[in-house]
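S.K.: Read top to bottom, the protein sequences are chains A and P.
Our numbering runs 46 ahead of the 1-based position in the first sequence.
Our numbering runs 46 ahead of the 1-based position in the second sequence.
Don't read these hints as lab results, they were simulated from the structure.
Treat the hints with care, as some may be off.
Treat identical chains as interchangeable: a pair holds within one or across any two.
[As the list claims (entries may be wrong)] Calculated cross-link-like contacts (lysine-lysine; reagent style DSBU-like; alpha-carbon spacing at most 30 angstroms):
{"hint": "1", "residue 1": "476", "residue 2": "397"}
{"hint": "2", "residue 1": "146", "residue 2": "404"}
{"hint": "3", "residue 1": "622", "residue 2": "601"}
{"hint": "4", "residue 1": "402", "residue 2": "146"}
{"hint": "5", "residue 1": "743", "residue 2": "760"}
{"hint": "6", "residue 1": "398", "residue 2": "146"}
{"hint": "7", "residue 1": "329", "residue 2": "276"}
Since the structure is predicted, the reported quantities are computational estimates derived from the model, not experimental observations.
Protein chains: 2
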Amino acid sequence: MLLRGRPRTLGAAALLLLLLIGFFLFGGDPDCELGGEREARRGGGGGGDPRSVPGSPTPRVPPDGRPRSQGAATFDGDPPADPRGHNRSDCIPPPPPPPKCELLQVAIVCAGHNSSRDVITLVKSLLFYRKNPLHLHLVTDAVARNILETLFHTWMVPAVQISFYNADELKPQVSWIPNKHYSGLYGLMKLVLPSALPPDLARVIVLDTDVTFASNIAELWALFAHFSDKQAIGLVENQSDWYLGNLWRNHRPWPALGRGFNTGVILLRLDRLRQAGWEHMWKLTATRELLTLPATSLADQDIFNAVIKEHPWLVQPLPCMWNVQLSDHTLAERCYSEASDLKVIHWNSPKKLRVKNKHVESFRNLYLTFLEYDGNLLRRELFGCPCPPPPGAEQLQQALAQLEEQDACFEFRQQQLTVHRVHITFLPHKPPPPQPHDVTLVAQLSMERLQMLEALCRHWPGPMSLALYLTDAEAQQFLRFVETSAVLSARQDVAYHVVYREGSLYPINQLRNVALAQALTPYVFLSDIDFLPAYSLYDYLRASIEQLELDGRRKAALVVPAFETLHYRFSFPSSKAELLTLLDAGSLYTFRYHEWPQGHAPTDYARWREAQAPYRVQWAADYEPYVVVPRDCPRYDPRFVGFGWNKVAHIIELDAQEYELLVLPEAFTIHLPHAPSLDITRFRSNPTYRDCVRALKDEFHQDLSRHYGAAALKYLTALQQPRGPA
Amino acid sequence: MLLRGRPRTLGAAALLLLLLIGFFLFGGDPDCELGGEREARRGGGGGGDPRSVPGSPTPRVPPDGRPRSQGAATFDGDPPADPRGHNRSDCIPPPPPPPKCELLQVAIVCAGHNSSRDVITLVKSLLFYRKNPLHLHLVTDAVARNILETLFHTWMVPAVQISFYNADELKPQVSWIPNKHYSGLYGLMKLVLPSALPPDLARVIVLDTDVTFASNIAELWALFAHFSDKQAIGLVENQSDWYLGNLWRNHRPWPALGRGFNTGVILLRLDRLRQAGWEHMWKLTATRELLTLPATSLADQDIFNAVIKEHPWLVQPLPCMWNVQLSDHTLAERCYSEASDLKVIHWNSPKKLRVKNKHVESFRNLYLTFLEYDGNLLRRELFGCPCPPPPGAEQLQQALAQLEEQDACFEFRQQQLTVHRVHITFLPHKPPPPQPHDVTLVAQLSMERLQMLEALCRHWPGPMSLALYLTDAEAQQFLRFVETSAVLSARQDVAYHVVYREGSLYPINQLRNVALAQALTPYVFLSDIDFLPAYSLYDYLRASIEQLELDGRRKAALVVPAFETLHYRFSFPSSKAELLTLLDAGSLYTFRYHEWPQGHAPTDYARWREAQAPYRVQWAADYEPYVVVPRDCPRYDPRFVGFGWNKVAHIIELDAQEYELLVLPEAFTIHLPHAPSLDITRFRSNPTYRDCVRALKDEFHQDLSRHYGAAALKYLTALQQPRGPA
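Hey, can you work out the whole structure from these sequences and the hints?
M.R.: Now the structure itself:
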């Protein structure tokens, strides 16, 4: 390839040619993007420590494609910048982008809840600008894998493949290295990628979770073309003085070439590293340095730099804008104020977005763009690339295509089929210790019920599994809400699962199923977010489950009687006796007493008043009590979206599967008032809406008959007796 | 310039050079972006109708930089595509981008409320990808100007200049042309840009309001470099068969070269058009064609095409991806399935986003990206470009820089200083006819009070001015909410002003001021969104204003007594008598009777019960009645953000300015229950929050004393008597 030849050996005609190219393409552009080719080529065949062989081939870092005019450090032993470097014609054009449909490979190490959130923002920025199919190689711990697997499965982005690698299995390879960096052991794991990734994978772009793309990753991929025959690692110069040493007394950084390199963005030729004996190489260097240095300060980066110092022929320096480092004492302004284009920003301060920097506001805006970006919009096809569709996408497309837009219930049908992107355990969460009678409260909510969470936490000291129906931007508001709440941030046993909004109807039963699927205790209390349980309910339920010997022996649903108050300010009864007093005083009612008494009538409140022991009740039409059931209970029917009949159908399922309905004599839960939801308002005002709910109901009954045969007859009979509004 | 020479006249060496460039830059890329240079150059010196001069120079359209392999139409008289065109080396590289800080000029014609919304989405996409300073030339009617002026003034995007041009003044130049296109008269206005824009403006990119950018506009600007010496209009070929004619019986389109060109995206060399006598040219052509054609079908586009047909040397064809046309029978797939990159999409069907197209979902996602994009995030600096900051931005920066992050009330200070982006009259709105006693209801709300709007419309048949505090995405939800509500979409006298969210505290008084400033009647009723006025209130207020002879002669604030219900379902009293019955029955209370009686005590409800005529009341501490005042009343104090004291301060201002407080005997308004807002929850639970409100109060009183001197003493005295919570 001509461009990889040595300019000094080129004939005059070829030199003219190159000058002309530069003139054509960059004559009007002072920011041509890639220099360094010349220097890198000089290092092509070299090696060894430049200090020991003066004048030897050494890479010089061309951070922005232009030599620094003054004051910028060059590497030890590097001759002063060639004055020809100032000439525009010296600019080397960016390499051509990879072919339209070429698969690009990306590797990311990710562990824990918080990094999983970060990596999603990174991936959103990546997907936004990409035009190529991608294969993401995710090295994860169990937590991140669980989160990201669910996420990508439900995200269904075309032309993205995902592979997972078990970080815990790789730990022994790096755990012997003492490391002081905040990223911990996972921060060292990039070192083992050449052996951890599939042996036939030759090239990969490795990214830290705290980088954000502002450009098409194909442009970065294209820089592999600049590698000389031996170069194997593409890196951007470190944009701080850390590796120069002497930042304070006894500051002794690991060895590095000049300012060293930052490993937030790496181009890796895995094939060459394997061939060069990378594993042996870095372990040798690390072991040797650790004889005199106590630990790594910057994790893998220290070791990469020490290896590169020893084998400078390995590295291909990359233009600075591919890793604009926003650390506390960053020198990045030199880069971004000259370049016309930022390509990747890197939040490499432990303070992340709270870092001080006079331009941080602009960078933050770019970051927030992707943090708050509706990830559903990234389900964009790559036109003209023959990529297999994501699993399930084709059936979904077909099902959606069969819907008729003229159907009055089209909106309902569409909503039922919608696959919502799901981010389980959005915030750090500790699974409850296994206990045979433990109960998780299960509920779902959207933004306007966030205020309920603190009160709920006070009323329910046990584990909770909550599905939140949010936009990406709202998920960030929710995060801040939890962070600023002392009550909420103190709880690690509440699992929040974000289900991303899509469509106009609230997918209530899909949300319930997400929360239910993520409950980790043997029992679940299926509640709604606008109810506050009795303070003692958590303990009482566990005791009742134990006493009733439910575990496996009895198929039962324990009914928690429901009440409601119409007043905002309301002193919550601390006992059943107090509750009964409030009921008699008219301050409390049984739930929906005025509007929908059949919903809870079978609970038999009169009997409950007097009851000392659990009592069995019979199913009746429209019954929808709040119940405690084993975790493996039937799922909610996802066809019910919006308002109407969503819980009723579930109780029918329980009854059809012969769950006993046992009312608990000391249990109660109270509904707090709120303005009617948009869905209930539509239900009340819109006859089509009500017709559609009725149609769903009919279809549900047909399925029930198919499933349970004659046993389901009683539900149909009950249905045919005209009743309340739904 | 070498690239502009004729390849056929180049020597062998230069040909080799071009081949090599092609090989280097596009060897790996089948999608090199710009062809057509060769052909366009051929047209450089020509002219006349190619049909009349066989073999004469004619532009051939290179929609995707590659000649069509089969079936695609070429222009009449054009020789078949040169087989060399299939060779990759024939690809001409895209021109270099303009210099980093070059100012790019853009012109858009925009009229009315709906187009103003469209143009904002276009501008958001433009700003998202741009790296250059921009000058937007907006040709607007009065409505669009009013909206866009306010918007850009409050948006404060760095490195964007705006100039407005009065479309109504330009109308006479095009109103003589009969036009059947849905864009109406404004659709023809692009024709007059050469004379309407400043005479020293040489180049401009002209955009339709229904295009969306998916790339940096500088790349489009760079295509000016491809113009030959005479070319003056850059256009993309029309991606439908419209101009080929014969789509149906008697379908007779205007004359065009082949498929013709689409004018949704135009590169205009204004200087050359002026020199070539453009105005004379197009008027002559239009007049002549209108002798045989009844009207334009596609507005300006018909005339542009007819002129180009006559003077083909004028046009420089642009690559197809700069105007991917998503009309009903689009042929655009030929373009986007081959190109690696979409640059601009054009919703040129009257159905807009509802157009049928098998890939429309992906295009829609791109459009929704910008529709819902938080415009605040576009306040990004262009690093290294010396652009003057937007008006007011510097003072704002300074004020923000002076805040101390350690200050416990930092959040309050920051919120007070925030300049919110404001989109006035977001939806179509008819100003009320001028009437001397008319009253506008003024209120503000956020998403969770949307359900109040229908009820409010039923209770208040008069004009309203409502400020809505929304994100960009919520603004779209709001739009759909109004569109699907029969009650709301029937009203044209309700003006909705969107104030975009920023910061964590609800900027209640800033919102009130926006709504108040946009009220167009002589009087305003300053209400809150959770109140429903008596059905008769609108008529009664107008009658009272007339009877009391308030107009200019009396400085009065008419008090509308406030009540509240604690029940959701509630039958609204149709008269004062009914209200009193409910009050006596305990179904209604005077507003905040239990929690904050001093807020309304001075209204003197006991007297009101019996009153037959308006009566005067005196100010007392913490009084915050709902009042009717002249439109020029004092503004609300914007320092009060979040919950607490925001209305109280306004009533003090009224009293300090000696407004009489007159209670109206038949007026009433009733507060409906809702869950406590996030701000009130924080106020109640957070002592720092309360301290900050107290600090704001103290500062307010200091300012009051400075302003009104001794007269303000009474407010301070009242303050020092310990009272309720705020």
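S.K.: Determine for every hint whether it applies to the structure shown.
M.R.: Hint check results:
1. 476 x 397: within (25 angstroms within a copy, 51 angstroms between copies)
2. 146 x 404: For residue 146 and residue 404, the Cα distance is within 30 angstroms only across copies (21 angstroms; inside one copy 38 angstroms).
3. 622 x 601: within (27 angstroms within a copy, 59 angstroms between copies)
4. 402 x 146: Intra 40 angstroms, inter 26 angstroms, cutoff 30 angstroms: inter-copy only.
5. 743 x 760: The answer is within: 15 angstroms in one copy meets 30 angstroms, while 66 angstroms across copies does not.
6. 398 x 146: Cα proximity of residue 398 and residue 146: across copies only (29 angstroms, versus 34 angstroms in one copy).
7. 329 x 276: within (20 angstroms within a copy, 67 angstroms between copies)
Consistency with the previously given hints is maintained throughout, with no hint failing.
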